[in-house]
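Trainee: Letter by letter, the chains look like this.
Protein chains: 2
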Amino acid sequence: MENTTQIEPAQNQAFLSSQQLLDHWQAHRRLTRRLIEAFPADQFFTYSLGGMRPCSELIAEILGMTGAGMEGVRSGRWDAFQTMDASSKDEVLAQWDQVTAQIDTIWPQIPTSRYQEVDLAFGLYEGTMYWFILYLIDNEIHHRAQAYVYLRTLGIEPPAFWDRS
Amino acid sequence: MENTTQIEPAQNQAFLSSQQLLDHWQAHRRLTRRLIEAFPADQFFTYSLGGMRPCSELIAEILGMTGAGMEGVRSGRWDAFQTMDASSKDEVLAQWDQVTAQIDTIWPQIPTSRYQEVDLAFGLYEGTMYWFILYLIDNEIHHRAQAYVYLRTLGIEPPAFWDRS
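Protein chains in written order, with this note's numbering: chain B, 1 to 165; chain W, 166 to 330.
Derived list of chain W stretches under chain B, where covered just means 3 residues or more per stretch with a C-beta under 8 Å from a C-beta of chain B:
# : stretch
1 : 184–190
2 : 208–216
3 : 305–312
4 : 316–329
Residues on chain B that point at chain W, a partial pick, calculated with CB under 10 Å:
#  : residue
5  : G50
6  : Y125
7  : D138
8  : R144
9  : A145
10 : V149
Calculated directly from the structure, the hints in this document are not laboratory data.
Glycine is no exception: its CB is placed at the ideal position from the N, C-alpha and C atoms.
Using the sequences and the hints, build the whole thing.
Mentor: Take a look at the structure:
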């Protein structure tokens, strides 16, 4: 009798594990933290280009969406974005570290089946939870890169993109 | 007798499938294509901020690294970055579409086991192949976001980040 085991097409097999994606994200977060550290304190809340938001507001969006978003992924409860309450870079970095720890705490509590579930993130954005988590990561890369340009125009060399140590 | 089946920790289970990651990337590539279309033709090869490369060179890096990189992922043969040979936006867009098709062709030829293999990408960057593919995607998001700032300072509204249609 021939072996009739169904072979799953390669396209439907895992690209990476949940733990690997977490590690990838936290590596990006280390780079974003380094960007905040490199930004001049006296420009962090004010400097902008082309009418865009200053670095502080770009980081505030990342922080607020990530904290509340990960809670939504875990529990299906979507609270409003958390607001960043900080008037210095040190306070921003402290909140950054809190959200980093929050991600590490929440991640193992997310059932694997949840990644493929469709939910209405923040009551607004419908999609699978893996899509939403990728959105959080991509949005961080996108806004951080804009702050790279701010730094360059301020004459400051940004942290190396490839270095996630 | 108790059921002693080993339950794999959630952290080691799949975050998303290979096909889902491909779809995610191609959605990003549609946005990058729209960014190229939105960039003024007379500024595409020249305009820059802070001593950075013009939009044409940011896109050339994405194109060259992606084309040669995907061939390396498939075959383990790492040729030099492909260079972009284009003197107009239309030529850039034509090369963009070639690489889009190349990714779609190569993707199903990559054995699933390859994602977890370690290789020396371009003879320089050691890592797993899933890490390298994520690097290609992240690098595209990073450079595209910098071109967003160029557009803003040129007084042009960039394509919406969330729209990947």
